[in-house]
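K.L.:
With the hints as a guide, dock the two chains, each given alone in a separate frame, to form the complex.
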Amino acid sequence: MSAFLSIRNLSLVLKGGPRLLRSVSLDVEAGEVRGLVGESGAGKSMIGKAVLGILPRSVEVVEGEIWLDEVDLLKLRPSERRRKIGATAALIPQDPLTALNPSRRVGPQVTDRLVDILGWKRADAQARALELLAEVHIPDPARVMRSYPHELSGGMRQRVLIASAFAAEPKLIVADEPTTALDVTVQKQILHLIARMQARHGTALLFVTHDLGVVSKVCGSLAVLYGGLVVEQSPVRDFFRQPAHAYSRALLAATPKYTDPMAGLNPVPEAVITAVQAEVAQADASWRNGGWRHD
Amino acid sequence: MPSSTPGFAMLDARAMVKRRLGLRLWLSGGWLVVLVVAATFAPWLAPHNPLEQDLFTSRLPPFWMAGAEPGYWLGTDSLGRDVLSRIMYGARIALVVALIAGTATALIGATLGLIAGYFRGWADLVISRLVDIWMAFPPVLFAILLIAVMGPGLVSVIVAIIVIDWTRFARVVRAEAMAQGAMDYVASAQVAGQKRLGTMLTEILPNVLPTIVVLLTLEMGIAVIVEAILSFVNLSISTDFPTWGGMIAEGRTSVHQAWWVLVFPLATLFLTVLSFSQLGEGLKDRFDPVLR
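Note that the protein sequences, when read in sequence, are chains A and B. In terms of our numbering, the first sequence opens at residue 1 and continues consecutively. In terms of our numbering, the second sequence opens at residue 1 and continues consecutively.
In case anyone wonders, no lab produced these hints; they're calculated from the structure. The C-beta atom is built at its ideal place from N, Cα and C for all residues, glycine as well.
Partner residues aside, some chain B positions facing chain A, computed with beta carbon under 10 Å: (1) Ala182; (2) Ala192; (3) Gly198; (4) Glu203; (5) Pro210.
20 Å max Cα-Cα, derived EDC-like pairs, lysine to aspartate or glutamate: (6) A/Lys15 / B/Asp124; (7) B/Lys195 / A/Glu80; (8) A/Lys171 / A/Asp27; (9) B/Lys195 / A/Asp116; (10) A/Lys217 / A/Glu32; (11) A/Lys171 / A/Glu70; (12) A/Lys84 / A/Glu29; (13) A/Lys15 / A/Glu65; (14) A/Lys217 / A/Asp238.
Here chain B stands alone, though its shape is the one from the complex (with noise of 0.2 Å):
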């Protein structure tokens, strides 16, 4: 066998770099983990039920204030609920529709940008002019549309998102299928004799998935934010179950005797949504293999 030939590096510089998991993906999945331990395990984490109105404990104020009850620590709402408890709760029902709008939509959406983007032709043409007269409807006004003919509850929150935001994926999905199709490895495939799905699902899939996974995690704080304007409109799951935005639409009308019934809960929707979107770039940064 010939010795190997001198005079040019064998390795990228790449190569050699450790990457770090970095502060965003610590704080962004910290947040995120205490807030599903907080849901998971409510029933046994909260301190209050959350359901327990006391009209002698309202307005409490948050435990560093004067005039704070031990064990109310973020305080109490005009009817004595526990804030804390109700966020805890509220966290149960902002969790699962992100979790399962956020999913479903990227698997639909996913799905047909992926379709559209690598066997164009006619599935390119039919999914796309679906997208743009997708996109023609206002998204908000399209929800409360079809929750009034759904009726309100979970599944209609649900099926509301998914119904509207798969044409986010759809789109992003699109470009980044048809740019990895042009790649001369998608090329070097077929000459090797693999079927046109089978290049689909080993070539394009692999390096469309970071930046499905970004877009999911996106979508997942899309999801809460959604589901907290639907359930300040009301139109929610039943109104004396707690909710963020069932909260933050209490909390606005106290909010100059009680301030905390509405700034906590809007910040937990606020960090929420940050640590979604965070934790979506910080793991592409970590595990894409290419950096770019």
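The following block holds chain A by itself, in its conformation from the complex (with noise of 0.2 Å):
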């Protein structure tokens, strides 16, 4: 396993329903940005939540392997892989509005992660927090730390959820939609400031969105989705260039041209659905004839 984070043959299952993963693998090298794109219910923000071990109730592992840092994340204690995912892994989540705990002030919610599993000394981690506030942009980070979260603004409250996620220097982040929910303009704020932070912090980064302009921006290489398989992955030069696959042609020819507005929407073919459909249904047979399950 030479990769920092490695994904083998993973299967998630709704409970009592269908399979929400297929059997997918990924590998994410140290320091590299990979993007996961693929349509709402792909299955991409499952991946980022696998990893993290925050995956719903209702979602069950049943087969595969994540490898994070040379360590199995399935086959560890919960605490245990609390304490892994903690040193070495953080979250930047969609949505900067219920992202902080509207009851606790901000700086502490930066410094917890320093305390708490780094062992740092309070005065230590607020320093270092202010530097991190100062470093995504914030001005005036003293009184940030002071405020409660609903007194920012949805950029400022993504500025420090960023500095939070950088703070441990994770050596993995995963950003799921970081800015889906933000508005246009600070979209761009916003991704400008994690590609400089991550090349700055050498952090790996698996980037989880619907936004193939942003991909292009910001990632090394990508996987893209569909019902939960892995249809594509290539580097992102490779992929713009020419798709390998006819589901990932499709999906950049429905991409919207800003430089032409007036221009149809070109939905992704029928028949292009038909086959990648097909695709899947013949994974699940393959899958179910493997004897990996049987029920």
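P.N.:
As structure tokens, then:
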């Protein structure tokens, strides 16, 4: 296992229901930015949640391995897994409006991890947090540390969350649609900020998004998901030049061009969807026959 | 260090809202303070012994009516006992019940609700089914049954209120804890290595607290009413000690001759319950960090 994060054959099911991820394998090298794209419901967020151990109760891992920093997370006891994830990974959540605890001041929410997991002294953690808030371009960090989340604007809150994600110098950050809830002007600033922070800290980034434009700006390589199945993995440069899978091509063609706002939308063609759905069904059929599960 | 990026507002407008205490909080808080003082210092403040009977001064009207005697501000009942003094002593029982029964109910119900709503799984299953079964009992009948078994008295009244009403807290807090549990900040805390119990106490509980406070004050009002009902039907503490419910029961029989014996304790009861519920709402408006 050379990759920093290596997902092998991961399958998730909705308890008593269908598979949500269909034998997904995915590697993220140290310091790499990997995009995860797909329609809503394709399972891209589920991958991030599985890695971070925050899957919803109704979802269950039925097979696979998640190697993070040479350790298979799924084989660890819950307390060990929590410690391992806390020390090596972090999350930049989707909605900055619900991602900070509304009844606690911002400061401790940034320093918590430093104190609890890394065992820093409060004062040191405090100094580090101030430094980080300045690094994400927050004016008057000391004041922001004393504020309650609802006193900050959405963009400002997302900056706080980015600072807090990078605080403990994690080796891997999962960014779960970090710009989706923001308006376009703020989106761009946040995107630049994440890219800059990533480059400076050398953190591997798993970037979950449905926006191919974002992928082209931030990511080095990407994986395209459909129905919980990885249909294509390639470097970003190759992907935008010539996508390998028919579905990827259709997805790329469906992205509206800002340069030509009057052009009609190009939905993914029916035939492509039928084909990729057949692929999904095929994967399920061979999975059952492969004897992974008997029910 | 790079200069700060301009171009978007740093502060949300809500940061600049100044919240005043508000009329609601002043009025309800004021009434409850008056009541607490009157109850606490009743032996010194009450103009008469609440138990002292004097048939020569029976059914004296309140001070503004013809035939009133000085010193009997709110008149006397048919046994010549001073109504004001009896209300003040009755407040002792009412407030003790409100405080103890209310707090204990909140503690038990909120704890169970928090566990059910956050941990879900079998804990939720057990607690929720228990709540469902509990709520199928008619509450007043349940209380009367309990007291019949335990014997009348202050402790029985308090226990009856706790036993009946914990479900109110459990249900509401459970739903709220579930809603908070789905928020991203809870996931973030977990990714940051927080233990489950720690997450419940530092992330969920503070955000459910405003709801618990509102429910608690409501519950205190309800406790006052339940105590009044039980003393109305003679199931609270012994009849010679003044209680609001007991006074209302006695006043009812002579309402045509001496309305004040009924109306004053009734009005006190009404104002007290109203104040409790308004206090809760007012506190929530004032201290909930998020304006809703």
